[in-house]
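Just so you know, the protein sequences line up as chains U and V, in that order. Residue numbering for the first sequence follows the working numbering, beginning at 9 and increasing consecutively. Residue numbering for the second sequence follows the working numbering, beginning at 9 and increasing consecutively.
Note that these hints are calculated values from the structure, not bench results. Mixed in with the good hints, there may be bad ones.
For chains that are exact copies, the list does not tell them apart, and a pair is met inside one copy or across any two.
Stated by the list, open to error - Quick list of in silico lysine-lysine cross-link-like pairs, BS3-like style, CA-CA up to 27 Å:
id	residue 1	residue 2
1	LYS527	LYS620
2	LYS324	LYS267
3	LYS324	LYS528
4	LYS14	LYS528
Model, not experiment: these values are computed from the prediction.
There are 2 protein chains.
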Amino acid sequence: MATETKVETLRKLAVLIRYFILTMTTRAGSGHPTSSLSATELMTCLFFGNIFRFDADHPQSPNNDRLIFSKGHASPLFYALWAAAGELTEDELTDYRKFGSPLEGHPSPAFPYVEAATGSLGQGLSIGIGMALNGKYLDKLPYRTYVLLGDSEMAEGSQWESLQIAAHYKLDNLIGVLDVNRLGQRGETMVGWDLKFYEKTISSFGWKAILCDGHSIPEILAAFEEAFRSKDQPVMVIAKTIKGKGVSFIENKNGWHGKTLNREECDRALQELGTIDKSLRGEISLPDDLKPKGQASHQPPKQINYPPDKAVATRKAYGNGLVRIFPQFPNLVSMDGEVSNSTYAEIFKEAHPDSFFEMYIAEQNMVGTAVGLARRGKIPFVSTFSAFMSRAFDQIRMSQYSNANIKFIGSHAGVSIGEDGPSQMGLQDIAMFRTILDSVVLYPSDAVATEKLVEESARHFGPVYLRTTRKETPVIYSPDEEFIIGGSKVLRKSDRDKVTVIAAGITLFEALNAYEELKKEGILIRVIDLYSIKPIDFATLQEAARITKAMITVEDHFPEGGFGEAVKSALAVVATIPIHSLAVGKRPKSGKPEELLDYEEISKKAIVQKVKELIR
Amino acid sequence: MATETKVETLRKLAVLIRYFILTMTTRAGSGHPTSSLSATELMTCLFFGNIFRFDADHPQSPNNDRLIFSKGHASPLFYALWAAAGELTEDELTDYRKFGSPLEGHPSPAFPYVEAATGSLGQGLSIGIGMALNGKYLDKLPYRTYVLLGDSEMAEGSQWESLQIAAHYKLDNLIGVLDVNRLGQRGETMVGWDLKFYEKTISSFGWKAILCDGHSIPEILAAFEEAFRSKDQPVMVIAKTIKGKGVSFIENKNGWHGKTLNREECDRALQELGTIDKSLRGEISLPDDLKPKGQASHQPPKQINYPPDKAVATRKAYGNGLVRIFPQFPNLVSMDGEVSNSTYAEIFKEAHPDSFFEMYIAEQNMVGTAVGLARRGKIPFVSTFSAFMSRAFDQIRMSQYSNANIKFIGSHAGVSIGEDGPSQMGLQDIAMFRTILDSVVLYPSDAVATEKLVEESARHFGPVYLRTTRKETPVIYSPDEEFIIGGSKVLRKSDRDKVTVIAAGITLFEALNAYEELKKEGILIRVIDLYSIKPIDFATLQEAARITKAMITVEDHFPEGGFGEAVKSALAVVATIPIHSLAVGKRPKSGKPEELLDYEEISKKAIVQKVKELIR
């Protein structure tokens, strides 16, 4: 039971935190005070009620509990909590939302206590799953992961993906705190204050649901204590709260979302808070000092071994590659969206089941979980069909602001998958991943290149996208060939090259075949395997542009934002020779891979024809 | 009660349908027979048990019930049903998955009985919501919408978005059929045959759940009859089924997903089916012949009226524009993701509440619903923050294969939103929408251009993306100015232009200000408002490339796939002058819009500097 003194101290701290929230947002002139005030008691109890355990001097300590503000717009509350903990001065709070301040409008790792960037709703729970999976199954440490959720964001399907997966993995170290303040941005949620709806739905997914009054300190403390008793079940504390709580004239009123009080209103509000003890500081409990489960010692990977000229699908080489490099990168974790027998993540799963997580057909949660794992020092390799990566674009987008070290592997790229038809064809994936800040985009053509680039991806810190092909392709590189991020291979070259053909993946073989056919007619072309689409090998492209009179890019992808535009973009500043793009331009259909490559005019035939047209 | 004869006929039809499924997939050598066999009785009863009402001679009749195969890989079953209905010959089935056949690997509108393209899982229910909303609230017709769902795809969050919204809108004309065959692509689902899980979760979302044995014809017929009695509640028929049902050696076996029987296995399987009456054909009941609710007569829109030089946010002009054109386009429907007071869809909502649907924070379902409405002849205008359009990329991707006439409106584009920070900034939206086949991408800079382009968007059949700005921008165009898809405006031009600066939206004003500053120093630049990014005004760009010695594109967007690459791509074939790109290149932060435009080097200052650098 909470003692009276403890409750009184928490009450005073809540007053101080409200003071910080109100003054910080009024000074900034923007932000979300009302969404912060509704969760003030919930988070005050968590922080200072001996619930949350965190060593503030070592925010990255593996023993720390983790806290994610899924409702990222409540950032004023987050910063106010750390001010009340003595880790931010009131002066620092005045920089909230100012250019250059780590206290951004929505939380970002610029502020060292932020676990991951939030602000796009419905993502925090999945990030929490990554951290909780890490605690329970990888590091095997008893820390807990807390996620503060808004009620509006429960309309996002990603939340229900997370709820199901968390229950499936029995994450009793994961505690959600659902702040049911009834009001969204423009009005009431579908559910309002019907807490029973949340209780029914969430518990039906296998969670323990605990209801409480989100402004009653004893009820909140009791809810957390009950949560600690859960065994093999994640817990949701479902709290009835009032938006704008503590300031009578904005409490439970529509039209106050994302709106700050003016100075006069703020003064009135502070009056209502009563005595504010500005010197008061709360104490966060420290965690035990334990060591994470030791990982296998780092060992160099084995030699690659593919018989030359044997055809191997690059997707299969991906699976082989993961297994091969695991001894060197024991932090590697593989996750797959219920297609591991197609992406060949299953090769890794069979070899290292403890470092594999089946994420089912729920790509959004899979990527969010990867963010959580990455932020806990793991190297997640996330695989599904390249087409279905689009399902998680918002999570991928947000992951760039978390500096999350994730490797994305998209299989079944392009029309060359054949009969399954356009719904299964990744034709926009290069464009999508190229837009990510500082991303690496790789598209190997054979098994050796794939294995080498899987290794480079693991070594590189930052987001990497690697595109694999369904069909088997010939092994054209020797196991000693080196592949680097930002590199390329000039496969056919002479002083008499008329045209440069730039390809990668499946179309490289079309280009090589076109070379043979043209050569018979005495026409020489330069052929470049541009396996690194981002960063791009500018020097090699520029050299080719100097020697040949035109360029042709060939890609099994839509033209916009793809391979061809990457080349055009790189060379646009030096504008030397015309660059023609062969790409998927018509609505694809079902059919044989060869038929489709021809139909889309990205096959040998189209290349030969284009080259002839250009040298006429 | 079902009569014995009726049940016997349905049983025979199920045998015939299984025969079609098995022979079709074996001949094709690819496809998903087992996933089709599990739902055979469910769909046979629907089609031929006097449940489904459809005039096969008029597939687009507004009175027809609609059926969506959300588990699109069960396409063999879909085609087999239409063959059993006499609408496809056995000979036509032999073309399944062949190049040029309308019977694609996953259903697409190439086959006239397909309501919408499926194959990316977890989308059919949202499409069904669009059709059911149309029936209940717009056309006011009694048709029903059926959606066949797989159990694996219930892991997709989008399903739970749909479940909540369908209950919220009391769609008792929507009936889901959940085929619980236990097995996904690579193994068992998280739930297996725990039908109670589905019953609990789905009913907790407000649906009526009806359990049945998915291979018992009387139970299935009874379930549908019970479904018809639902009032104000959507219904889910949850059926326990066996994957591969009817063929003993593949029944309920892992490893048989997406795998066809070889000829010998197929022969054995056909033996097991018993007597096959190949001449048997089933009958689909006809719907009543009713008229959809009449729409307001088409009237020309009112005149645009903004006082010159007044600053108006383009997002506000969007809301005004919708209201203005509604008399001309009474089929227009506005939908918004709980941010209508930010996107200004609320202006329309207040004027025409019956043609507005609040879709809450569930962007995936919103876009799927728009597909359903579009396929029923409506013109959905879908709005949310441009950043959050990424949440629905997979649905947007699939919508291109449904030929869905949807208008996407993304507000709060770019870093110029300011203090809210990167999570809320649309910086990849142009890239994303450019990748859509035959899409139109528009980015107006002032209120007049916005209103005109909203009108053009409504007039154009096909996907349109229109990007709006948070900040107010000056009105620079007269109400008589014409804007066309594929056009641009040359705003500053002389014979002595040194450099062309191409901008749109917020950066256009930076370019105009740069013009003024450079002019003072005697440097003339050409300024183009490239409001139509796709299609692009090639002639105007080429003319500018002929006259000036370099080009600068300026965009409040990441460089990849964006505005600058669109220009580079258009001009690459004629490779004349260097094209430099000013774009958002650093991780954005919170701050004032002006600070951020400067920081990202896309402001007047950066343009002036770049121009001077280029003419040195």
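Taking the hints in turn, this is what the structure says about them:
1. LYS527 with LYS620: within (12 Å within a copy, 47 Å between copies)
2. LYS324 with LYS267: Between copies, since 19 Å is at most 27 Å while 53 Å is not.
3. LYS324 with LYS528: Neither: 34 Å inside a copy, 63 Å across copies.
4. LYS14 with LYS528: Intra 88 Å, inter 69 Å, cutoff 27 Å: neither.
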